[in-house]
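Engineer: Protein chains in written order, with the working numbering: chain A, 1 to 86; chain H, 1001 to 1413.
In case anyone wonders, no lab produced these hints; they're calculated from the structure. Just so it is clear, CB atoms sit at the ideal spot from N, CA and C, and this is done for glycine as well. One or more of the hints may lead you astray.
[Claimed, not checked] Ranges between beta-carbon positions, derived for each pair:
hint, chain 1, residue 1, chain 2, residue 2, range
1, A, Lys-27, H, Thr-1057, 26 to 32 angstroms
2, H, Ala-1084, A, Gly-55, 45 to 51 angstroms
3, H, Ala-1201, A, Pro-28, 36 to 42 angstroms
4, A, Lys-27, H, Ala-1084, 35 to 41 angstroms
5, A, Ser-37, H, Asn-1291, 57 to 63 angstroms
6, A, Ser-40, H, Gly-1087, 48 to 54 angstroms
7, H, Asn-1134, A, Gln-65, 35 to 41 angstroms
8, H, His-1043, A, Gly-55, 27 to 33 angstroms
9, A, Asp-70, H, Leu-1093, 22 to 28 angstroms
10, H, Gly-1151, A, Pro-28, 32 to 38 angstroms
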Amino acid sequence: MTKEDIKKVVLDIISDIAPDEDLSSVKPEVRLRDQLSLDSMDFLDIVMELRKKHGIEVPEADYVQLASLDSCADYLLPKFQAKAGK
Amino acid sequence: MSPLPRIVITGVGLTAPNGNSLAEFRANLLAGKARIAEIEVRHMGRQPAGVCDFDATRWQKRKEIRNGTRVGSISIWCAREALADSGLVWDSLDRSRVGVYLGITEHGNVETENEIHNISQFANDTKYWTHHHNPRTVANNPAGEVTMNMGITGPHYTIGAACAAGNAGLIQAAQMLQLGEVDVAFAGGVSESIHTFGIFAGFKNQGALGSHPEPAKASRPFDRNRNGIVISEGGAIYVLERLDDALARGARILAEIAGWCINSDATDAVLPNPDRQAECMRLALRRAGMNPADVHLVSTHATATALGDVQECKAVREVFSGCPGTFVNNTKSFIGHCMGAAGALELAGNLPSFVDGWVHPTINVEDLDPECEVPGLVVNRPVRAPKIDAILNNSFGMLGINSALIVKKYGVA
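Okay, chain A solo, but in the shape it has when bound:
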């Protein structure tokens, strides 16, 4: 699992929860909220889908780490790797 893979995982989740959004030109370094119409319930959806589809837990204190695709990748990579290593 690479950071690029993780960005794709997150984008796939967003494409489900925000199906009206054009995700073709999302800038990885820019906050998702600043370029897409996402609210707090949508971020909870991202957390839920990471849990359901990938078995990844994101504690509430770490929600801020999901701000951009880049920060998602940095934060989630060790979690995905730990899971893969089990």
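We have chain A; now place chain H onto it with these hints.
Structural biologist: For chain H alone, kept in the frame of chain A given last:
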């Protein structure tokens, strides 16, 4: 005390299993076209059900559809279509003076069952329970989704009235308009009940779930071999205004609300009481200033249960015997029982009779139950009525709630 303002219907939007507009619905009722599907119901296998096929994306973004409820989508469709039908100029309207009043039989069962199923896939760990559950299941959900979609800032709520809910929504709206609480009301009834297995299982275990090898014949009120209710989804929402306001803007008036009554049996949770039903119709007539003979069409509630149909026929006979100009029909034979939407949809299907003069029949009657014989009952084929000036719409529900709503052709004394 000055008389209360007169209330009129100036628009209607609907989705029924056999039509997504009043014109389509009406055409199918007059052509005798029922539309009942067979669907897979969780834990219960295939069951007959009335399924609507409107295009929700006409009025909602896909995200709204995903985050909301099925009944929210039904409500938004109906309200938006009603607005378009009314000719109201939406952009110039003060939306703080608009109210939304929707009747529901139940709400929240669908989402709750779905989430119980969802967490069962995860060893019943509630951390997998969706955070959307509460906004989806609060009882005002269908009406609230309409306000969010349309930017309505006046009052909104649902009226829980079992299967009398469609009439109850209209009655509530008429009262709020008369009180001056709002200037425009979106009102009617909605239902998503085919998506909850609990409703099917409850009726099945009550011996009241309809079935037939041909789904379109499963709902057969008044037939000797009827065997219960066909559960359906649907909605009908009307635009209501005070008469003076409607006239001032040159609105097309579909009907005037003439009178109504809601009362309670206070006898049994599920068995209807024909004495109270007759009282309900009589009080609605009195409030409308009408005699039974002034009503030319009675739209029955009959759901095709063994006892319910007989009880209603008894009540209708009691009130309308001696009224040779009064016809009686039923719409559930075409679309099943649309629960919270039933009363509102059944009224809608009959409204065009003010213009076209036809009375659609109750269909699927192969062998009329003698106990369901009612003078003027229109069976299997439509009839051309000499005159349709007023319609009485019956809608009854569990816990002994009865409603009768009378609408009349505008301009008739």
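Engineer: Now, for every hint given, state plainly whether the structure supports it.
Structural biologist: Consistency of the hints with the structure:
1. In this structure, A/Lys-27 and H/Thr-1057 meet the distance hint of 26 to 32 angstroms, their C-beta atoms being roughly 28 angstroms apart.
2. A hinted range of 45 to 51 angstroms holds for the C-beta pair H/Ala-1084 and A/Gly-55, which are about 47 angstroms apart.
3. At roughly 49 angstroms, the beta-carbon separation of H/Ala-1201 and A/Pro-28 lies outside the given 36 to 42 angstroms, and the hint is violated.
4. One distance hint, 35 to 41 angstroms for the beta-carbon pair A/Lys-27 and H/Ala-1084, holds here, with the actual separation near 40 angstroms.
5. For A/Ser-37 and H/Asn-1291, the Cβ-Cβ distance of about 58 angstroms falls inside the hinted range of 57 to 63 angstroms, so the restraint holds.
6. Look at A/Ser-40 against H/Gly-1087: about 39 angstroms separates their beta carbons, and that is not inside 48 to 54 angstroms.
7. The supplied range of 35 to 41 angstroms is broken by H/Asn-1134 and A/Gln-65, whose beta-carbon atoms lie about 26 angstroms from each other.
8. In this structure the supplied range 27 to 33 angstroms holds for H/His-1043 paired with A/Gly-55, their Cβ-Cβ distance being about 28 angstroms.
9. For A/Asp-70 paired with H/Leu-1093, a C-beta distance near 46 angstroms fails the hint of 22 to 28 angstroms.
10. Between H/Gly-1151 and A/Pro-28 the Cβ separation comes to about 35 angstroms, which falls inside the hinted range of 32 to 38 angstroms.
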